[in-house]
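Visitor: Each chain, written out:
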Amino acid sequence: MSTERERDDEYESGGGTFGDYGGQYVPEALMPALQELEDAYERYVLENEDGFMDEFRDRMRDFGGRPTPLQRADRLSERYDREVYLKREDLLHGGAHKLNNALGQVLLAKYMGKERIIAETGAGQHGTATAMAAAHLDMPCEIYMGRTDVNRQRPNVYRMRMNGAEVNPVEAGSATLKEAINETMRDWATTVERTHYVIGSVVGPHPFPRMVRDFQAVIGEEIRDQIREKAGRLPDSVVACAGGGSNTMGTFHAFVPDEGVDLYAVEAGGSSLEIDEENGMAPNSATLSTGTDGVLHGAMTKLLQAGDGQIVESHSVSAGLDYAGVGPELSHLVDIGRVTPTNVDDDDALNGFHRLSRLEGIIPALESSHALGYLEEEHDELGDLVVVNVSGRGDKDLETVLEETEKRDLEAAPEIEVFDG
Amino acid sequence: MSDTSSEYDSDIEAAIRGNHPALITYITAGDPSLEDTKAYVEALDRGGSDLIELGLPFSEPIAEGQTIQAAINRALAAGTTPEGFFELVEDLETEAPLLVMTYYNMILQYGSEPDVRPFVERAAEAGLSGIIVPDLPAEEADPLRDACDDNGLDLIFIIAPTTEGERLDAVMSRVSGFAYVQARLGTTGARANVSGATYDSLARLSKYDVPKAVGFGVSEGDHAAEIIEAGADGVIVGSALIDIIASSDDPSDAVDALEAKAAELKRGARRGAETLTDDPEDTPEPEQP
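Just so you know, the sequences run in chain order A and B. According to UniProt numbering, the residues represented by the first sequence are 1 to 421, in order. According to UniProt numbering, the residues represented by the second sequence are 1 to 289, in order.
In short, the hints are calculated from the structure, not lab data. Positions of the beta carbon are idealized from the N, C-alpha and C atoms, including for glycine. Warning: the hint list may mix true and false statements.
[Claimed, not checked] Stretches of chain B that chain A covers, calculated by requiring three or more beta carbons in the stretch to come under 8 Å of a beta carbon on chain A:
| no. | segment |
| --- | --- |
| 1 | 8–18 |
| 2 | 163–176 |
| 3 | 202–212 |
| 4 | 250–263 |
[Claimed, not checked] Derived DEER-like restraints, expressed as beta-carbon distance ranges:
| no. | chain 1 | residue 1 | chain 2 | residue 2 | range |
| --- | --- | --- | --- | --- | --- |
| 5 | B | R174 | A | Y80 | 53 to 61 Å |
| 6 | A | E377 | B | D115 | 49 to 57 Å |
| 7 | B | G165 | A | E115 | 20 to 28 Å |
[Stated by the list, open to error] Far from chain A by the CB rule (all over 10 Å, computed), these chain B residues:
| no. | residue |
| --- | --- |
| 8 | E35 |
| 9 | E42 |
| 10 | S59 |
| 11 | Q69 |
| 12 | E93 |
| 13 | A124 |
| 14 | I158 |
| 15 | R191 |
| 16 | S247 |
| 17 | A273 |
| 18 | T277 |
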């Protein structure tokens, strides 16, 4: 991990910014905790003090199941007439890449002597990963989750409770991820001396965006080694979905210095790319593709906002991509032209979901399905050797997929009527 | 507006030091409408507020407890915009100087490009005397600090119970107007008692020659008395006033109750100051008008 890190100093300043993005826009009460965290991050993560990173890697192997495979997708390769490989993060413990970050941060909190873990969750993937990590490391854990999400993601609420976490429903606003983050920040501002806040993506104030990236960077580091072994060279392009951006940065980070490797961040195009300012709604989560610069949840980054600065409600068929902000490092990589922002609408994501399920026997998360939808649409642009990150598995999405498929005429979908009978 | 006398650096410092012990009141603009806010601010002014903070609502108020969050939601639902806010400020004629409290993104987005200057220039033109930004720590504040200096506005910083040592010096070196002393960790909201952290914070700050006002949790005249007795120059009250607004059946009913609440708080503060004058031994010297 540390050998990869030296390369990115060109665009990463010491003050917690990536070009114009990043920073620490938080209440004063949290500033000393961010300094304490920055210090712990440097000592334990960057310098492996007390063998922290060794313990982290051991636990990710034995508890998490790393490394995850890089698999040649035979039928997709045939369909698109090029070599397509899938990074199988869906096979990580918990069914998504989220554990890489959650276990890293809970372990770090333990090294820091913190006594309590809090986290926000949208669809529940980060919440379940944090609850698993907290149970594994014997730390008390509370998860904030919007009431709307609690109601539509019951199985994940049960999983968190099974692992011993308390789940606190948040009633404010649209009662989804954004409000859950607000409420977790309020808890942290009250309990900061004993509590660590495990942010679920490469967002928030410094040092979270780079620390979370470093915990997730194992994805791209493994891909780099695996593709060289299997295909004898680096890929022409790497494709990952992007919401907040943790699987995206985790997948891309090792490839940023490899100019010959094109990086595609596929966002949720939802049902339209327009923003409805009057009602404060964006029917998409395409922040990198359409957002403007501003400050949300502690960082300067690209945002979905109205002209006067109010943050709008985002939308995606995939709850894990449904967020009005994005990691500041991704905003910067897009601005300097290193990452290409793209998006896929709800229909094409659903087609991507069905296609992978049928052709490869892998039911992908709706988040990852956006990357697969992009592969279908733009494979001609992606070169002869393509890697797609399958960030998670889709068991959690089956109900949504059945419901949404029934409303549509999707080319890749099976007959939905037969599922009920 | 108060006169800026030559012995003080700003309207705000004059309002606090010149009216010691000072009462600072907060309400959210546009809750439930800008017209009601105008009547409320005038009532708070009549009741004895020496400085009035007006919240410009932002959709993600991470520093606020439930009371002010709800006020912000009501104000946003009523369609409150930055321009409507500035027009309200232009309409107001109060003895007490006015401050705006809002989140950083609202300041950045006021012009056509992300930049703090258009907001600060408009605030100065509308007659505001200062700005408080709960999500802007000293480390990120230089652009706004410069813009405020160029336009004659104070930029108020919050001192938390966790602000100590070198950070405290760094924050205090950027303070103008007054130091907003956060009485306890957590979010805004009325509480039943005065936190022990208040006394620790005031003790840490006693070496700095800047007016200190204590907020977060202050709701009653007796709290105001205790806080002034502990050495503060002023008390800041918000959620307790919003409770009055939120619980009124008709928006106009709140006007008299707000004036009475401000008067109760101001009396409490004066009581605290009198105790100090009677018993000068174990407390710092009060600033007398």
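Visitor: Evaluate each hint against the coordinates.
Guide: Hint-by-hint comparison with the structure:
no.	hint	in the structure
1	8–18	violated (count 0)
2	163–176	holds (count 4)
3	202–212	violated (count 0)
4	250–263	violated (count 0)
5	R174/B <-> Y80/A: 53 to 61 Å	57 Å, holds
6	E377/A <-> D115/B: 49 to 57 Å	38 Å, violated
7	G165/B <-> E115/A: 20 to 28 Å	23 Å, holds
8	E35	20 Å, holds
9	E42	26 Å, holds
10	S59	5 Å, violated
11	Q69	6 Å, violated
12	E93	26 Å, holds
13	A124	19 Å, holds
14	I158	5 Å, violated
15	R191	12 Å, holds
16	S247	19 Å, holds
17	A273	27 Å, holds
18	T277	32 Å, holds
Violated hints for the displayed structure, listed by number in ascending order: 1, 3, 4, 6, 10, 11 and 14.
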